[in-house]
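Colleague: Chain order of the listed sequences is A and B. Residue numbering for the first sequence follows our numbering, starting at 1 and increasing by one per position. Residue numbering for the second sequence follows our numbering, starting at 1 and increasing by one per position.
Treat the hints as calculated values from the structure; they're not laboratory data. Treat each hint with caution, since some may be false.
[Stated by the list, open to error] Partial selection, computed: residues in chain B whose CB lies under 10 Å from chain A:
id, residue
1, L18
2, C31
3, V61
4, A69
5, D215
6, L223
7, A224
8, G236
Just so you know, even glycine gets a beta-carbon here, dropped at the ideal spot from N, CA and C.
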Amino acid sequence: MTKQPVLDTSPPVSDEVRKTTCYMCACRCGINVHMKDGKVAYIEGNKDHPVNQGVLCAKGSAGIMQHNAPSRLRAPLKRVGPRGSGEYEEITWDEALTIATDWLKPIREEAPEKLAFFTGRDQSQSFTSLWAQGFGTPNYAAHGGFCSVNMAAAGIYTMGGAFWEFGQPDWDHTKMFMLFGVAEDHDSNPIKIGIGKIKARGARVIGVNPIRTGYNAVADDWVGITPGTDGLFILALVHCLMKAGRVDLDYLARFTNASVLVNEDPKSEQFGLLLRGKDGEPQVIDRRTGKLAAWNGQGVEPDLSASYRHKGVTHRPVFHHMADRYLMDEYAPEAVAERCGIPAKRIRAIAADLARVAFDEAIELDREWTDFRGVKHDKMVGRPVSMHAMRGISAHSNGFQTCRALHVLQIILGTVEVPGGMRFKPPYPKPPHAHPKPHGRTQPGGPLNGPHLGFVHGPDDLMVKDDNSAIRIDKAFTWDNPMSSHGLMHMVISNAHAGDPYKIDTLFMYMANMSWNSSMNTSGVMNMLTDTDENGDYVIPRIIYSDAYSSEMVAYADLILPDTTYLERHDCISLLDRPICEADAVADAIRWPVVEPDRDVRGFQSVLCELGARLDLPGFVNEDGSQKYADYADYITNHLRRPGVGPLAGWRMGETGLQDGRGEPNAGQLDSYIANGGFWMEHVPENCAYYKPFNVDYQAWAVKMGFYDSPQPYIFQLYVEPMRRFQLAAEGHGTRQPPDHLREQIKRVMDPLPIWYAALEDGHVDPVEYPIHALTQRPMAMYHSWGTQNAWLRQIHGVNPLYVPTKIWEANGFKEGDWARVTSTHGAITVPVAHQASLNENTVWTWNAIGKRKGAWALDEDASEATKGFLLNHLIHELLPPKGDGLRWSNSDPITGQAAWFDLRVKIEKSGAPDVTQPAFPAIKSPVPKGPTDQAWKVGK
Amino acid sequence: MTTLPTSTDKKLGLVIDLDTCVGCHACVVSCKGWNTENYGAPLSDQNAYSGAASGTFLNRVHSYEVQPADKAAQLIHFPKSCLHCEDAPCVTVCPTGASYKRVEDGIVLVNEKDCIGCGLCAWACPYGARELDAEEKVMKKCTLCVDRIYNTNLPEEDRQPACVRTCPAGARHFGDLGDPDSDVSQLVAERGGFDLMPEQGTKPVNKYLPPRPKDVEPEFDILAPYLEPIATDGKGFVGWLDKALSALPGGAK
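So that you can see chain A by itself, here it is in the shape it has in the complex (with noise of 0.2 Å):
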């Protein structure tokens, strides 16, 4: 035989390796990035990281491609011909500084809320509202009004937590993993290590969602559910449960507030509020007594059944106005199951395995704790059944419920925050009480009088003025959708083209690519965003964005001010923003610059240190005026939110050394993190694992960290009584009034406990003449619009197909290759179609965010993306069609204003293949030299 050629199988593999935290998705993963030549040459999963413990992603593997692509900009940029036309001259930074000086320092002096500052997907917001704040406009939000805030507001409300960032399936002990609707970017790796061990395990995956691709491609069971129906669907087997009795009786009494009265005088002003003590307490019936007790009284134990009658009225616990609920017919699985599209068998062989794995399955450890009434537990008890959703069930226009319906059945079962079960994730659990409330108060030449967002408790905290008016440009916290925690970033451009409630000077937005993929009715906002007045001026008088990229958005803006890439830059993963943590662990991170820039760009919030300062904003400057931080390093490490709490918790200086948690600014904290791979994690203490909301131990050890002040145990709210109160303002009490035309849809939607109806299109659109559901998913190769600018990852999905299930491809004769005519009430498009039978039969989807504008992204015009790819944007409309009563409806969710783009309706036909999908819209001028046509990528020798 041949003989073999030597191999060197150990040759060097880098120079060194500079740890730091990807920015390829929201995922935020620890990274390696291997150097040769002071260039990146690889990069690879930290191992030491809580996120994702060495794995890493197809993006994360991607990110060389991303920090090299050809469309990063360069440098500022001002506007030099129409808008929409991409054509600019480069300037300096002191010449754009300048500008936006000139521009928004009048505004601050005369009205600040002229100034609307929306960030899309920045990972800085508790930074960027501080600027906002400062600034003194109430227009600040980031992008969760079109993203998850159903997801995340529900959590809150109900259980002091979500999924995601708040918290995760206890992995290493569930039995039974249900996965609903979500976006695979939100929690990207865990979630794949946690199919994984499960896997490994031989237990059980359960997936519900109208498309069975990735994760619901390996679930052991396959739930086909027709869009927007999930509420439907999880209140029946709450019904089936509740009717069996298989519900967690212990644990709904001590730590829900199930056994909290519930005043039932429908002529008080208290109807449906619940009883409270002369402290202000809700009250319980202590079973000890058979008397009232506050639901946190030392040694309490609340009564899950006894009703309370006084002075004529009788009030009964939140527990028997569920039973009277959920017990009726109308959600029995018969009653669901053909909206469903799921079999009533069906419902309840799921309703049944989850009464099994939940009670027959229970797991106890061997772990003391004591509660907050003082009560000591001997053990953990856990009922193995896990549950995580996002925006698959959230998007609609009754996600809030269905979110809050998906709680309410984990907590029935006793799965959440046990073992097997759902476990928060430091800084959380965090009642909505410890959540700050919305501020908008403004004053000219002055700072806003709180931060912006927040949890409503009822009409007293809308941000609206006393004609009912909205304080804010998107709309948020009013009666259209009071509980609008996240803002509604969808509307910020559609409100100000027009005019409504007022008109604004500028828009400034960052890393929001809102002339493309991230509106509703995408050419409408590009006509918006290019509109003029009679006098020729632009409607939106002038924008300001920035973006690393050269994004659609670009275009449209009148300066440009070019951020870095995630490589280049600092930034921290903050405890006070959307942390790192894991179950096990509070953790924050760090982005260091791995290499420094060769581009005249810089970090955007390095550069809102230095705007902020030019504009004199609180917290911005120094008491002699002068510049407050150097650049966002400096903000890191020095600025304190509270006293001994900072952006960061890892190394913190005490009096005695360094510690962690709190503590005061110590200026070597950035080279701390850097040594120990780029974060900072701290483990739980052991009992203080679980039963978080009402472990004592963990609740002391939270206060020791800072998290909060002072102890805030708290019982999961099943009946939200805020909502309560907004009904209650509807139905005619108290002094803050609904305009009538919202009385009705306040009555409905703003139940205390969780309630089902049909997606609000639904009331706007014929469902005959528009049977099919359309939606989107993200694929896991690709984050938004950033991938297509990479060589790598535009080769695993560089064109989206509109994917159609057998029955409507073979009821329209579709062959390979065919094109089809989509069409919504708004809008149509014409794109290639594939066959997809893993589908439920009445939904058509396609990757989200593949298709672009010619000329965007270095791309060159004959890219696959903008010839073969289309977004679905063009037939959703940020308005609901009118109704003729000459308002504006917002397509959102009533109760949160969350973006409801997955009510879309359409209907489709077989058309012929035109050149390139339509609508297709005119090359737009690149801002930077288009990329290579070939490329051999290697950086060493």
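Given the coordinates of chain A, work out where chain B should sit on it, guided by the hints.
Modeller: Coordinates of chain B only, in the frame set by chain A:
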């Protein structure tokens, strides 16, 4: 013609779990990154920022739909790379000796210096696991990360193929399939691991673990007791509740 060794000391290979693979392409890109920077010529990309981009990959994930007669359709994610066959037709067909199978571990490699880019090996491989690099005009294939698995510059725990190290779901396993006691051999035995297209007679070293049965309808009679009704309406439920509570510790008053 190139000859194969009559036997190899080890049979290093991959075990890929089709029950767990979620089709995320992490292995695909990690492989691309490592092998662009390391062994041999970089893996090039054509139309990197235009048209329909296509480049060289040593590992790709395909997805196949299965439509059972009486159940919902299923989707199987199927990662595919060189299977390091014992009877590797890509080696025996090589006219220059560039393709070879290593005696010490059974890894099939291409010595790029001797490769003339004739493409016969790609034609001979029944799995389509080899790709001719359009830029360098040499044949590229999975090396099982031969420059990682023995690399003393890497921590010991990292001495495994890039695709295995990165797989988030833990669907990829690496080891000696010639050793019946190895973890991978045990896994194959436990889970009924199988050869891809055994009828081709290539004796692939890599094994696939089959997906577990899906959508198995439970026997409802067994489950029925779990949902035995205790009431038909809210009032009845409260009656049951009172009794149930009095049965709990400290309940009966």
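Colleague: If a hint holds in the structure, say so; if it does not, say that too.
Modeller: Results of checking the hints against the structure:
1. L18: Result: holds, 9 Å to nearest chain A Cβ.
2. C31: Holds, because the Cβ-Cβ distance from B:C31 to chain A comes to roughly 9 Å (cut-off 10 Å).
3. V61: 8 Å, holds
4. A69: 12 Å, violated
5. D215: 6 Å, holds
6. L223: Result: holds, 4 Å to nearest chain A Cβ.
7. A224: Holds. Min distance 7 Å.
8. G236: 8 Å, holds
Hint violations for this structure: number 4 only, all remaining hints satisfied.
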